[in-house]
Each structure stands twice: as C-alpha cells, then as structure tokens.
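**Student:** Sequence:
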Amino acid sequence: MPPFRDPQLPFAKRIDDLLARLTLDEKTAFLHQFAPAVERLGIAAFRTGQEALHGVAWMGPATVFPQAVGLGATWNPELVRRVGEAVSKEVRAMRARDDRVGLNVWSPTVNLLRHPLWGRNEEGYSEDPELTSAIATAYTRGLRGDHPVYWRTAPVLKHWLAHNNETDRATSNASVRPRVLHEYDLRAFRETVEAGAVAGVMPAYNLVNGRPNHLSPYLRSELRTWTDDDLLVCSDAGAPSNLVDAEHYFDTHEEATAAALLAGVDSFTDHGTDSSQIVGRVGKAYAQGLLTEADIDTAVRRQLSVRFRLGEFDPHYDPHAGTGEFDTPAHRALAREAAEQAIVLLKNDDDLLPLAPGTRIAVVGLLADECKLDWYSGSLLHRSTPLEGLYERFGADRVEFAEGVDRVRLRTAAGAFLHVPAADAPEEVRGAEGALDPALLRGRTDLPPLTVDPVGTEFALVDWGEGVLTLRAPDGRYLSVAEDGFLRAAADQPGGWVVQETFRLAPHRSGHLLTHLGTGRQVRVAADGVKVAGAEDSGDVFEVITVERGEEAVARAAGQADVVVVVAGNDPHIGGRETEDRTTLRLPAHQQQLLGAARAANPHTVLVLTSAYPYAVDVARLPAVLWSAHGGQAAGTALARTLAGDVSPAGRLPQTWYASDADLPGLLDYDIIGSRQTYLYFEGTPLFPFGHGLSYASFAYAGLAARAEDGSVRVSCAVTNTGDRVADEVVQLYGRAVDPSVARPRRELLAHRRVTLAPGETAPLSFEVPLTALEFWDAAQGRRRLERGPYDLLLGASSEDIRLRTTVHLDGTPPAPRAARQRGLPAADFDEQCGAAVVDRTRTAGDAVTPAHGGTAELLFRACDFGTGVREVTAQVAGEGALEVSLDGGPVRAVLTLDTPTADCYAYTTLAVALVVDGVHDVRLRLRGPLRLAHVGFSG
Numbered sequence: 003m004p005p006f007r008d009p010q011l012p013f014a015k016r017i018d019d020l021l022a023r024l025t026l027d028e029k030t031a032f033l034h035q036f037a038p039a040v041e042r043l044g045i046a047a048f049r050t051g052q053e054a055l056h057g058v059a060w061m062g063p064a065t066v067f068p069q070a071v072g073l074g075a076t077w078n079p080e081l082v083r084r085v086g087e088a089v090s091k092e093v094r095a096m097r098a099r100d101d102r103v104g105l106n107v108w109s110p111t112v113n114l115l116r117h118p119l120w121g122r123n124e125e126g127y128s129e130d131p132e133l134t135s136a137i138a139t140a141y142t143r144g145l146r147g148d149h150p151v152y153w154r155t156a157p158v159l160k161h162w163l164a165h166n167n168e169t170d171r172a173t174s175n176a177s178v179r180p181r182v183l184h185e186y187d188l189r190a191f192r193e194t195v196e197a198g199a200v201a202g203v204m205p206a207y208n209l210v211n212g213r214p215n216h217l218s219p220y221l222r223s224e225l226r227t228w229t230d231d232d233l234l235v236c237s238d239a240g241a242p243s244n245l246v247d248a249e250h251y252f253d254t255h256e257e258a259t260a261a262a263l264l265a266g267v268d269s270f271t272d273h274g275t276d277s278s279q280i281v282g283r284v285g286k287a288y289a290q291g292l293l294t295e296a297d298i299d300t301a302v303r304r305q306l307s308v309r310f311r312l313g314e315f316d317p318h319y320d321p322h323a324g325t326g327e328f329d330t331p332a333h334r335a336l337a338r339e340a341a342e343q344a345i346v347l348l349k350n351d352d353d354l355l356p357l358a359p360g361t362r363i364a365v366v367g368l369l370a371d372e373c374k375l376d377w378y379s380g381s382l383l384h385r386s387t388p389l390e391g392l393y394e395r396f397g398a399d400r401v402e403f404a405e406g407v408d409r410v411r412l413r414t415a416a417g418a419f420l421h422v423p424a425a426d427a428p429e430e431v432r433g434a435e436g437a438l439d440p441a442l443l444r445g446r447t448d449l450p451p452l453t454v455d456p457v458g459t460e461f462a463l464v465d466w467g468e469g470v471l472t473l474r475a476p477d478g479r480y481l482s483v484a485e486d487g488f489l490r491a492a493a494d495q496p497g498g499w500v501v502q503e504t505f506r507l508a509p510h511r512s513g514h515l516l517t518h519l520g521t522g523r524q525v526r527v528a529a530d531g532v533k534v535a536g537a538e539d540s541g542d543v544f545e546v547i548t549v550e551r552g553e554e555a556v557a558r559a560a561g562q563a564d565v566v567v568v569v570a571g572n573d574p575h576i577g578g579r580e581t582e583d584r585t586t587l588r589l590p591a592h593q594q595q596l597l598g599a600a601r602a603a604n605p606h607t608v609l610v611l612t613s614a615y616p617y618a619v620d621v622a623r624l625p626a627v628l629w630s631a632h633g634g635q636a637a638g639t640a641l642a643r644t645l646a647g648d649v650s651p652a653g654r655l656p657q658t659w660y661a662s663d664a665d666l667p668g669l670l671d672y673d674i675i676g677s678r679q680t681y682l683y684f685e686g687t688p689l690f691p692f693g694h695g696l697s698y699a700s701f702a703y704a705g706l707a708a709r710a711e712d713g714s715v716r717v718s719c720a721v722t723n724t725g726d727r728v729a730d731e732v733v734q735l736y737g738r739a740v741d742p743s744v745a746r747p748r749r750e751l752l753a754h755r756r757v758t759l760a761p762g763e764t765a766p767l768s769f770e771v772p773l774t775a776l777e778f779w780d781a782a783q784g785r786r787r788l789e790r791g792p793y794d795l796l797l798g799a800s801s802e803d804i805r806l807r808t809t810v811h812l813d814g815t816p817p818a819p820r821a822a823r824q825r826g827l828p829a830a831d832f833d834e835q836c837g838a839a840v841v842d843r844t845r846t847a848g849d850a851v852t853p854a855h856g857g858t859a860e861l862l863f864r865a866c867d868f869g870t871g872v873r874e875v876t877a878q879v880a881g882e883g884a885l886e887v888s889l890d891g892g893p894v895r896a897v898l899t900l901d902t903p904t905a906d907c908y909a910y911t912t913l914a915v916a917l918v919v920d921g922v923h924d925v926r927l928r929l930r931g932p933l934r935l936a937h938v939g940f941s942g
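Each residue of the sequence shown is one higher than the one before, starting from 3 at the first, in my numbering.
It is possible that part of the hints are untrue.
As the list claims (entries may be wrong) - Label pairs and their computed distance ranges (CB to CB):
| no. | residue 1 | residue 2 | range |
| --- | --- | --- | --- |
| 1 | Ala508 | Leu443 | 23 to 33 Å |
| 2 | Pro932 | Pro9 | 20 to 30 Å |
| 3 | Glu763 | Thr173 | 52 to 62 Å |
| 4 | Ser700 | Pro9 | 53 to 63 Å |
| 5 | Gly837 | Gln290 | 32 to 42 Å |
Rather than coming from a laboratory, the hints here were simulated on the basis of the structure. Every value quoted in this text rests on a predicted model; they were computed, and no experiment measured them. Even glycine gets a Cβ: it sits at the ideal position worked out from N, Cα and C.
All chains should be modelled from the sequences, with the hints used to inform the complete structure.
**Tutor:** See the structure below:
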C-alpha cells in the first residue's frame with residue numbers, strides 16, 4: 003500500500019507522498035475546476051463547486067429551504083445548522099446516484115447586505131457582521147458534519163471581498179478604507195473561518211482598492227492566518243480570464259494566471275469543463291519562469307487536503323459514504339419550520355392578526371398563488387403557495403382568490419390577434435434534469451410557435467417594474483423565445499441566466515412595439531409564426547386590448563371578504579438578481595395599484611411582502627404587514643399557519659428597511675462610516691429598523707446585570723412571556739462606546755438569543771461577549787484597539803426597541819497621537835475623506851489614494867505628532883497633479899507638484915518641500931488632478 007493510501011498516517015504525510023508521485027503535468031491539470039482522473043494511481047476525477055445556498059441547486063429536485071436572507075431572518079443559528087446538515091446529507095445522497103453532484107459546496111454567501119439595492123441581496127444573511135458570522139458558522143457546521151476527521155461536504159465561503167454590486171461587477175472598484183475593511187467586510191469571513199468548518203473561499207469578480215479580488219493580498223495576510231487548515235481558494239466562473247479581457251490588469255493570460263496562483267487562488271473556474279486553456283496558461287507561465295513547481299505544489303496540496311478530508315481516499319472509513327437521507331419527512335418538516343421562523347411581523351395594529359376562526363379571506367396579488375425559485379434553488383419536490391396554504395388551513399369555501407394580472411389580447415395592424423396553438427407535448431420544468439451549468443440550458447423548440455387568428459389568446463400580463471413584462475398563456479406557460487427566435491408559450495416560470503420570458507411595450511404610432519428583452523429585438527409576425535425581428539429590422543405594431551384590469555378583480559374579491567391578504571413582492575429572476583441591481587426601493591406600480599384597490603375595497607387589509615430584499619412601502623393605512631423571503635417548498639403552509647396563529651411569528655429583520663431611496667448612499671459607496679450606512683451608522687428614521695419584528699405575544703425584560711472580567715463582558719437578564727400563547731422572543735444585545743475618540747457605530751450587535759417561552763414562563767439568559775468584539779481598527783496605530791472608557795450595553799427586541807440598559811467601564815488603552823515624524827502618514831489610513839478612492843499601490847500589495855473622479859480629494863489625519871519639530875515634508879506619488887498640505891483647518895502650508903507625469907500609475911517618485919512644524923496638529927491633504935498618493939513623510 004502506498005503511503006498516500008494508508009489511513010493510519012496523518013493527512014499531511016499522505017499528501018506529501020501523493021504530490022511526490024504526481025508528475026508536473028498531472029499536478030497542473032489539477033488546477034482547473036474539473037480535475038481529471040489519474041488512472042495510473044487510481045485517483046478519480048474531481049470537481050470543485052456544488053451550489054447549495056439553501057438546498058442542493060442545479061442538479062434537479064431537492065428539498066428547497068428559504069432563501070439565505072430568510073434564514074438570516076430567523077436569527078436562529080441552531081435551526082440553520084440543522085438546515086445545513088440536511089442539505090449536506092442530500093448532497094451525499096444525490097451524489098450516490100449522480101456523480102455530477104460535487105462535495106465541495108460553494109456556500110454560504112457571507113457578503114454583508116450593505117446596500118438593499120444589490121441584486122444578490124437574497125444570497126446574504128444580514129447587513130451586520132455578527133449576525134452574518136453566527137448564521138454562516140451554523141450553516142457551515144451543518145454542511146461539514148461533526149465527525150472529527152471526515153467532512154460530509156466541504157463549504158467554500160462566497161464572495162471574497164467587499165462585493166455588493168452587480169453593476170459593472172467585473173470592473174468596478176470598491177474603495178474600502180482600513181477601518182471598514184477590518185471592522186466590517188473582513189469580520190464576517192474571519193469569525194466564520196475561525197470557527198473551523200470552512201474549507202475555503204471564492205474571490206469576487208470586483209476589485210477592492212484598485213486590485214482584482216483574485217489577486218487579493220488579504221488572502222495571504224488575513225485569511226490564511228485565521229486557521230491552521232489548508233484553505234482551498236476557488237475562482238469565480240470566468241474571473242481568471244477577466245484579469246486580462248475585462249479588467250486589463252495584465253497584458254497576457256500567463257501573467258494573470260501566475261499572479262492569481264501566487265496570490266492564493268488554487269482552483270481556476272474558467273471555460274466550463276474545458277481545462278485546456280488554464281492548463282496551457284499555467285504551463286506557459288511555468289516555462290516563462292513566472293511560476294515554480296513549488297508554487298503549483300502549494301495550490302494542489304490545498305485541493306488534496308480537501309479531498310482527503312472528504313474521505314475520497316478512505317472510502318471504508320468515510321462515515322458519510324452511505325448517507326442516503328433525501329426528501330425525508332424530517333427534511334420536509336424542517337423546511338416548514340424554517341419557513342415559519344423566517345416570517346417577520348412588521349406591523350399589527352389592533353391585533354388584526356392572527357385571523358379569527360371562520361374568517362372569510364380574499365387572497366390576492368401576483369404572488370398569491372406562486373412558489374418562486376431563484377437562480378440558486380433546486381427544483382421543487384413539493385410546492386406550497388399562499389393560496390394553497392390558506393385553502394388547506396381555512397378551507398377552500400372560506401377563501402377567494404384574485405391574482406391581479408391584467409388580461410389582454412394583442413392585435414396586429416391587420417386586425418388579427420396573437421394566438422397560442424394547441425400543443426401535444428409533455429410538461430417540462432426548467433432544470434429538472436440537473437445541469438453542471440444551468441446557464442447553458444436551452445429553451446424549448448418542441449412546441450409550435452405563436453401564430454395569429456381572428457380571436458386570439460387572452461394573456462395574463464404582469465408589469466414587474468419599470469415596464470418589464472411577462473405574458474402568460476391560459477395554460478400557465480409563459481411566452482418565451484428559444485434559439486430559433488420564435489415565440490412560444492413554453493416556460494413553466496421565468497428563469498435562466500438570460501431570462502427569455504420578459505418583454506417591454508413601447509408606445510409607437512397608434513399602438514405599441516413589443517420588445518423581447520432577452521434578445522433586445524422587437525416582435526413581428528412572419529409567415530411561419532411569431533418571432534423576433536432581425537438585428538436591423540423593426541417589429542410589428544400591436545394594439546393592447548385590455549379584457550380586464552387586475553385591480554378590478556382584486557377589488558371584487560376584497561369587497562366580499564372579512565379580511566384581504568395581499569401577497570406582493572418580486573420574481574427572483576426579474577428586476578434584482580445576479581447580474582442586475584435594483585434601481586429603487588419602491589414596490590412596482592402594478593403591485594401598488596393592486597394594494598390600493600384592495601385597501602379601498604376593504605380596510606382590513608394584510609400586506610404580505612414575499613421578496614428577496616426590502617421595499618419602501620407606505621404602511622400608514624395598512625393595519626398589518628408581514629415580510630418573508632421566498633420561503634422554499636413550504637412557504638404557503640408556513641404563511642397560512644402564521645396568519646391563523648398556529649405559530650407566533652418571531653422572525654426579525656436582518657437588515658434596515660429604509661423609508662425611501664433618498665436615504666440610500668450610492669451603490670458603489672462602500673465607506674459605511676463616511677456615508678453613514680446600515681443600522682450601525684444610519685442617523686435617519688428607517689421604515690423598519692434592523693432587528694425589528696413583532697409577536698402575537700408580549701415579553702417583559704428584567705434583571706439586567708453586567709460585569710467585565712477575564713477578557714470578556716458577562717451580561718445576564720430574565721425574559722418573561724407575558725402573553726397568552728407559546729411564542730419565541732429574539733433577545734438582542736447591543737453595545738456602543740459612549741465617548742469614542744473616532745466615529746464609532748451608534749450601536750452594534752454583540753450577541754442574540756432566540757428563546758421559546760410558554761405563557762408566564764421566565765427564562766434566565768446570559769451572554770459572554772469577548773472584549774475583542776468592542777475593539778475597533780485604530781488607523782493611526784495600524785492595529786485593533788480596545789478604547790478605555792464607558793460602554794453602554796443595550797438589551798431589547800430590536801436595534802431601536804431597547805428595554806434595558808447599563809454601562810460598564812472597560813480598561814482599554816487611551817488614544818495616542820499619530821507618530822507622524824517616525825511613521826509618516828500612509829495615505830489610506832485617513833480618519834476622514836471627501837472625494838477620495840483607495841487604489842492599488844502596486845499590482846501585488848499596498849494601498850494608495852487618488853481623487854475618485856480625477857478632480858480633487860481631501861484626506862484628514864487627526865492628532866499628528868511632529869515631536870520637537872520637522873522641516874520637510876515628502877510625498878510618494880505617481881501620475882500627475884498637486885498635493886496641498888494644511889494644518890488644523892488653516893491655510894495651505896506646503897504644495898508638492900508633480901508636473902511631469904510618471905511612466906504609469908505604479909511608477910512612484912518622491913517629492914519634497916519645506917514645512918516647519920512641531921507639536922500635535924490635524925493634517926489635511928488635498929489632492930488635485932489624477933495623482934496617486936501612497937505615503938507622506940516628515941523629516942528634519
């Protein structure tokens with residue numbers, strides 16, 4: 003038996019032996035996502051990457067749990083751990099019958115939900131790093147399993163680092179100052195990795211501080227210092243090629259691939275299953291001396307470490323090899339439990355909810371009979387819509403339904419109508435057979451194209467916002483365009499990487515042009531059917547004949563009921579998804595009209611928002627409002643049970659719900675401190691605050707006690723259910739520095755606990771908060787620091803609903819002035835900035851600062867100590883422009899001018915000019931023109 007097959011040896015020794023047996027070509031081939039088999043050694047093929055964000059995705063039917071943001075809304079790590087456990091068991095069970103299913107799962111997403119317009123809001127857990135890391139840690143522990151040696155699956159965290167925009171995501175730069183980097187963006191990754199159930203990370207497409215994330219120096223300086231485990235860094239799809247093709251960061255792919263590997267990327271996801279491009283690039287980089295065999299070995303070692311932990315080389319010892327749990331009763335019950343715990347009761351005036359027995363209900367709205375999936379969902383094994391859930395719970399005779407679609411016919415200029423021919427073809431569900439890359443799935447061509455006839459087909463038209471429409475045939479199939487360009491009623495739901503089921507109607511002469519958004523082409527009627535026009539051709543003009551407006555049907559149903567439940571929200575494939583950010587917080591106009599019609603017909607209106615992100619909705623005249631992310635296969639049952647009071651809602655908002663678009667910073671403004679983002683810094687009045695959520699019960703808080711000792715703060719209290727039903731309460735502990743020396747959060751989550759209490763029951767709770775949780779990144783010192791002084795501890799039911807408070811005094815270190823004479827001023831270590839962007843000092847490491855738009859920028863450095871005095875100021879600069887230096891808000895004291903542009907933005911030169919100053923002063927630097935500033939020094 004070769005040593006690498008000996009289960010009695012440590013993994014490290016076995017990997018050493020296997021690496022020595024592999025040839026350079028074999029090792030190079032392992033660097034691609036699809037690593038080939040090495041038959042001479044009996045080594046199987048291996049692929050990185052199995053999507054499993056809230057269930058096994060892309061590989062056909064599987065249990066579908068609530069979206070990740072919904073799991074975040076449970077505020078329940080133990081529940082999420084069980085969800086992760088169920089998902090990983092289904093991964094193993096599915097792999098046993100389909101070897102396309104991988105054990106290296108690319109999940110969870112720990113990007114913080116900094117900006118609610120981010121298209122991928124559904125994938126994250128929270129805007130808060132503490133809550134995000136708690137939920138992510140729980141999910142990864144469930145995915146990993148609890149065996150001390152062998153892992154059930156190997157989770158990879160997405161997306162490293164500071165990634166919250168789809169707009170220009172492959173080329174946009176996130177300017178992240180050191181404080182935001184260390185206190186916010188790195189923190190969720192760090193705490194999850196340190197918990198010990200993470201196999202690796204995936205870098206994001208975007209750049210951070212001017213440098214592509216696939217070259218991030220923080221992979222080495224931060225990530226790999228947090229654990230002794232070998233972490234596998236897997237590139238995002240196509241990102242290695244982006245380094246040259248989109249970002250133009252390198253001139254050649256050989257340079258780019260070598261740089262990414264040296265930065266820490268171990269597995270390259272590029273060109274689908276075709277590994278030849280990456281293998282060829284690595285081979286040429288090696289031949290050019292850009293890489294050594296040792297560099298390749300380092301990356302391969304990390305992949306092999308994961309494979310050994312997954313039990314690949316010890317099939318007889320792998321405790322997970324026989325796992326067959328799939329779609330079990332326990333998994334179905336867990337899906338329902340998770341959906342119930344994710345529901346957030348936002349408003350409940352006059353205790354309209356829960357609904358009384360015998361209530362006549364009208365359930366209306368575009369999502370009232372939908373169970374929507376997203377890009378990272380599996381196919382449904384079971385399906386429960388709000389309508390179905392209410393039928394089941396209240397009885398079909400007590401429930402009326404109106405979807406609220408506009409029913410229309412489309413008439414051509416010749417007087418004929420678009421018509422869906424009868425078809426004798428099997429029903430198909432998109433993705434039911436599974437696909438390694440669902441973006442490659444094609445539309446159906448086995449159905450007849452649309453034609454025209456004198457009567458036509460009545461379509462259900464929905465405007466999902468900003469004029470983006472879907473058209474659905476009476477049999478439930480959506481109009482779609484396949485590769486051949488014909489329109490067919492062919493899709494069970496809108497979906498796909500490029501959605502082929504959306505259209506736009508634009509007024510033209512006496513009618514409208516119908517544009518298919520997937521191809522960007524207009525629709526016309528041809529002799530062989532209805533199709534999209536050629537690139538240079540125009541479409542036909544259609545008259546929209548409205549048979550019934552949606553609000554008319556909604557008003558009829560609402561007027562006949564005791565209570566109307568309006569189910570509104572988003573389709574996860576339309577208007578806010580991967581590749582597409584939202585443009586507004588507002589609810590789409592079509593749905594606002596339906597809500598208005600329901601409310602006008604019946605004041606007892608409950609708004610249920612089912613969405614992947616927050617909305618800004620006028621709730622003043624609505625007595626009750628609930629929110630849930632898309633809740634998976636049991637969403638409808640969970641909602642009905644909540645409305646009936648079978649369970650008391652206890653979900654809590656995982657992010658701030660802002661009142662209007664005016665409250666939002668720019669999508670690409672990552673400086674949460676400077677632009678006062680998230681509940682940590684936002685100073686306005688939100689629609690609903692972070693952590694908000696109501697209950698059908700009431701709770702009393704008492705007995706708050708706190709003391710600091712042995713490196714932590716210990717907090718205790720008692721919570722009593724003062725209501726008349728069993729219910730959960732989410733107890734939230736926040737902290738704030740009372741008198742900070744720099745801008746600190748208004749309050750920040752330190753700990754939380756979700757507890758179940760019977761009526762009258764009291765639960766004693768205790769929290770132990772490490773003092774490190776109250777530290778901040780001291781930019782002046784370049785390290786984390788606990789500041790000496792008083793800290794408020796705030797205990798309550800949300801970030802704004804504080805029930806108890808106390809103050810503790812912590813013995814940290816006092817602030818010290820910057821040692822300007824000794825260390826100078828690294829440009830990115832500013833205290834405040836205006837108009838500045840942090841950029842890359844070199845292609846491999848270091849930061850510089852430049853005006854964000856080539857104009858001017860200001861940097862403020864507080865309390866700079868010049869000691870007994872300096873006589874000269876120097877600046878390391880590149881580009882061209884001028885640097886002005888002033889002190890304490892006074893006039894300009896020195897100007898350093900770079901008149902002749904440097905060779906490129908990385909060719910730094912040192913400028914010097916006289917500056918006489920002593921003592922401690924605030925320093926203000928003003929950059930003019932396309933100047934890059936790396937460092938300011940003082941001497942003399």
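**Student:** For every hint, state whether the structure bears it out.
**Tutor:** Going through the hints against the structure:
no., hint, verdict
1, Ala508 <-> Leu443: 23 to 33 Å, "29 Å, holds"
2, Pro932 <-> Pro9: 20 to 30 Å, "60 Å, violated"
3, Glu763 <-> Thr173: 52 to 62 Å, "56 Å, holds"
4, Ser700 <-> Pro9: 53 to 63 Å, "57 Å, holds"
5, Gly837 <-> Gln290: 32 to 42 Å, "41 Å, holds"
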